[in-house]
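Heads up: the protein sequence lines correspond to chains A and B, in order.
Okay, so the first sequence: first residue is 1 according to this note's numbering, each after it adds one.
Okay, so the second sequence: first residue is 610 according to this note's numbering, each after it adds one.
Rather than coming from a laboratory, the hints here were simulated on the basis of the structure.
Any given hint might turn out to be false.
[Claimed, not checked] Chain A regions said to be covered by chain B (calculated; three or more residues, Cβ under 8 Å):
| hint | segment |
| --- | --- |
| 1 | 66–77 |
| 2 | 171–179 |
[To be verified] Sample of chain A residues lacking proximity to chain B, with all beta carbon distances greater than 12 Å (derived):
| hint | residue |
| --- | --- |
| 3 | LYS9 |
| 4 | PRO83 |
| 5 | ARG97 |
| 6 | THR106 |
| 7 | THR277 |
| 8 | LYS416 |
| 9 | GLN527 |
| 10 | GLU544 |
| 11 | LYS585 |
For glycine and all other residues, C-beta sits at the position ideal for the given N, C-alpha and C.
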Amino acid sequence: MLTSNDSIKIRIKLVAGMAVICFCLLAVKLYQVQIERHEELYEKAKKQYTAVKTTHGKRGEIFDIQGNLLVGNIPCTDIIVDPQITGDEPVCSKAARIFVNHLDMTYAEVYSRLSQKFRIRKLADGKTEKVKNRFVVIANNVPFQQAEELKKVVKVNNLKGIVFTDTYRRFYPKSTLLSNILGFTTPDQGKDVPVIGVEKTFDKQMESSDATERFERARDGIPLSYGLQEADKVKNGFNIYLTISEPLQSILEEELDSLVVKWRPKAAYAVMVDPKTGNVMAIAQRPSFNPNDRTSMSPDNWRIRITEDVFEPGSTMKPMAISGALDYGVITPNTMFNCENGSWTYAGKVLRDSHRIGTVPAYEVVQKSSNIGTAKIAIMMGEQRLHLVLRKFGFGASTGIPVTPETKGIFRPLNKWDALSISRFPIGQGIGVSPIQLVRAYCALADNGRLRKIRLVDRVENTETGVVIKKSIEEPFQVFNNPATPEKIVSMMSLVTKKGGTATAAAIPGFNVAGKTGTSQKFINGQYSHANFFSSFIGFVPAENPSFVLLVTVDEPRGSYYGGAVAAPYFKNIALRALRYLDVKPDPKLLEEAEKEKNSKNTDIPQRD
Amino acid sequence: MNIQARSIKLNKSRKKNNTRQTIGSKFGIVFRMIIVMAFIFGIATLRISIDQWATAEDREADKLVKQIAQLDREIENCKLKKEKLSSWPNIKDRIQKFNLALRMPEPFQVQNLTVNYDPAGKEKTSGERKTAMLSQR
Numbered sequence: 001m002l003t004s005n006d007s008i009k010i011r012i013k014l015v016a017g018m019a020v021i022c023f024c025l026l027a028v029k030l031y032q033v034q035i036e037r038h039e040e041l042y043e044k045a046k047k048q049y050t051a052v053k054t055t056h057g058k059r060g061e062i063f064d065i066q067g068n069l070l071v072g073n074i075p076c077t078d079i080i081v082d083p084q085i086t087g088d089e090p091v092c093s094k095a096a097r098i099f100v101n102h103l104d105m106t107y108a109e110v111y112s113r114l115s116q117k118f119r120i121r122k123l124a125d126g127k128t129e130k131v132k133n134r135f136v137v138i139a140n141n142v143p144f145q146q147a148e149e150l151k152k153v154v155k156v157n158n159l160k161g162i163v164f165t166d167t168y169r170r171f172y173p174k175s176t177l178l179s180n181i182l183g184f185t186t187p188d189q190g191k192d193v194p195v196i197g198v199e200k201t202f203d204k205q206m207e208s209s210d211a212t213e214r215f216e217r218a219r220d221g222i223p224l225s226y227g228l229q230e231a232d233k234v235k236n237g238f239n240i241y242l243t244i245s246e247p248l249q250s251i252l253e254e255e256l257d258s259l260v261v262k263w264r265p266k267a268a269y270a271v272m273v274d275p276k277t278g279n280v281m282a283i284a285q286r287p288s289f290n291p292n293d294r295t296s297m298s299p300d301n302w303r304i305r306i307t308e309d310v311f312e313p314g315s316t317m318k319p320m321a322i323s324g325a326l327d328y329g330v331i332t333p334n335t336m337f338n339c340e341n342g343s344w345t346y347a348g349k350v351l352r353d354s355h356r357i358g359t360v361p362a363y364e365v366v367q368k369s370s371n372i373g374t375a376k377i378a379i380m381m382g383e384q385r386l387h388l389v390l391r392k393f394g395f396g397a398s399t400g401i402p403v404t405p406e407t408k409g410i411f412r413p414l415n416k417w418d419a420l421s422i423s424r425f426p427i428g429q430g431i432g433v434s435p436i437q438l439v440r441a442y443c444a445l446a447d448n449g450r451l452r453k454i455r456l457v458d459r460v461e462n463t464e465t466g467v468v469i470k471k472s473i474e475e476p477f478q479v480f481n482n483p484a485t486p487e488k489i490v491s492m493m494s495l496v497t498k499k500g501g502t503a504t505a506a507a508i509p510g511f512n513v514a515g516k517t518g519t520s521q522k523f524i525n526g527q528y529s530h531a532n533f534f535s536s537f538i539g540f541v542p543a544e545n546p547s548f549v550l551l552v553t554v555d556e557p558r559g560s561y562y563g564g565a566v567a568a569p570y571f572k573n574i575a576l577r578a579l580r581y582l583d584v585k586p587d588p589k590l591l592e593e594a595e596k597e598k599n600s601k602n603t604d605i606p607q608r609d
Numbered sequence: 610m611n612i613q614a615r616s617i618k619l620n621k622s623r624k625k626n627n628t629r630q631t632i633g634s635k636f637g638i639v640f641r642m643i644i645v646m647a648f649i650f651g652i653a654t655l656r657i658s659i660d661q662w663a664t665a666e667d668r669e670a671d672k673l674v675k676q677i678a679q680l681d682r683e684i685e686n687c688k689l690k691k692e693k694l695s696s697w698p699n700i701k702d703r704i705q706k707f708n709l710a711l712r713m714p715e716p717f718q719v720q721n722l723t724v725n726y727d728p729a730g731k732e733k734t735s736g737e738r739k740t741a742m743l744s745q746r
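Let the sequences and hints guide you as you build the complete structure.
Written out as structure tokens, the structure is:
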């Protein structure tokens, strides 16, 4: 029989045993929690008090040479909601009404997004399941001011579950100005993906990187100073400074717009380059687009015709061929040529002039733009020399402009020339050039035969260190062997805009303008069209010390097609305004001469090719 | 024998001293423990108050950082607005809208202001040129 002492002992042992068992169970649990599931639970806990913040770097901006902003990043906001927190139907309805007042959205659109508590998710096996919806975008890229007002209203009305995420959007403050060269980006998963233009070529320099910051936070989300903190460094893109001058660009585009209104062409281009540096001062084309308005965008509008398109330069090619003949000593400006009264057969094909000319000196061949005279000069020079001269002027090669794609044009190698080539290539037929190639060749004529690479970017700025890297001007290539050649050809070209020339409409009172008209038939379906033309005028002013080379080309003008009538007047308008802006003073002697000429009211030959 | 008697006496007196020392040392230990605990408490309180102060400062700093970011965004917005408004197409539109009688200046009416400006301050170069493009009729 058990005594009371025994019973107590047993109870004590039982309780002690139970305690030991409990302790063992606790120890097992502790082992599981602390050792086995340590990583999992530690991560879970860490997630609760660790926050991750992403800071977006800013893409580099684009400026003109004087520091006027051409492309920037405008602050905007993405509005995101968590439908699980937004509240029930009346709250959603109230929130929707608030959003509608501030955003360009309908009530139904906003309400459906706010009240979208669940969504259907497709599983790998094809089945679907209903899951809680915790992330709905109400609107992206809401303008800064609009978003700020909305933030205040949301706060006042104490609406829950609405998150405003600050972002930046690429913005082009000058809208269509220089849009084809600047290009544009398209947003893709929070990144700006460049499509074309400077945006694409200099993407590596301009691109930014995001930074993530991990920190231990307090209940209200504020980082704890004594907690863990890890942060990457955000990288902002480099700023690009172009060689473009915004005021000159504005002049160029304004005049190009009036040209388009008058001649209603399929396309038009204008390029202004400083021949002494190769700097592009202004460059424009029509059609164009507004990069801020996606509806105006189509590949036909945004492709860069100035570097991408090839056209037959027509008579604008003549000065290069004739300068070659002058340089080799084959001719002098006074060498006489029989221009056959406007019609001459060579290699079985008839070559015509736009107006009848008899025997004239070489300078008049340029002034009156004789195809026959130029062909005869080229024949005197010979195929090899002509080929070499045109190559030296950069035809068939890229210009160095940092914009892609860039065509090298169409210029056949010497072994593929036929019997007609020598009579057609010097008058700009059978040869394809891009507008920028033609401008580069004229820059060489304007700068004493020095052929330079075309520059579009002046300097690159590291936004973090402030270091500015200036893009160097490369040494030019000398086209001519005879130092007297540039002066001779320039004086011949100056006659084009004088009385008796083909482009008196390009003459600027008080200035010597050297240039050349060009009218080329378009090659359509294997033959030259008699209805579709390219009309051009290219020149430089003042001829003796040029401030710029300017090309105006009109693709399929309506009403007239001669370069002297269509393009030359706009050359004059642009050049006159540009000279005034650049503060290039007119020569009083020339100004007086122009005044006298104006008073004499002499008639010129018709403004033709 | 004398030596032994002395030794017994010595032991007795030592025993009495030990009892007194035990009470004293116990107080001493408690006192020291109190001191140590007060020190630890003080350190902990100091640490907590420093943390609290740091958190308050963090909050203030965070608020300021947010304010700066907000101001930066406002500046950026204003900068772009200014660029948009000062562009020639916009000015031209305004001239047409308000029917302003403006025309190109004659060359003798134009005065150019050339400022020697170099942001790095290393070398003076001919700098920005601002030209009045229009003059009132």
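Tested hints:
Given as covered by chain B, the segment 66–77 of chain A passes the check, having 8 residues with a CB less than 8 Å from a CB of that chain where 3 are the minimum. Judged by the Cβ-Cβ criterion of 8 Å, the segment 171–179 of chain A is covered by chain B as claimed, because 6 of its residues qualify and three suffice. Remark: the non-interface label on A:LYS9 is consistent with the geometry, its nearest Cβ contact in chain B lying 36 Å away (cut-off 12 Å). The Cβ of A:PRO83 sits about 26 Å from the closest Cβ of chain B, beyond the 12 Å cut-off, so the non-interface label holds.
Listed as a non-interface residue, A:ARG97 keeps its Cβ farther than 12 Å from every Cβ of chain B; the least gap is roughly 27 Å. Listed as a non-interface residue, A:THR106 keeps its Cβ farther than 12 Å from every Cβ of chain B; the least gap is roughly 27 Å. The beta carbon of A:THR277 sits about 14 Å from the closest Cβ of chain B, which is more than 12 Å, so the claim that it is off the interface holds. Listed as a non-interface residue, A:LYS416 keeps its Cβ farther than 12 Å from every Cβ of chain B; the least gap is roughly 47 Å.
For A:GLN527, the condition that its CB be more than 12 Å from all CB atoms of chain B holds, with the nearest at approximately 41 Å. At roughly 18 Å from the closest C-beta of chain B, the C-beta of A:GLU544 stays outside 12 Å, upholding its exclusion from the interface. Not every CB of chain B is more than 12 Å from the CB of A:LYS585 (nearest about 6 Å), against its label as outside the interface.
Of the numbered hints stated above, the single one contradicted by the structure is hint 11.
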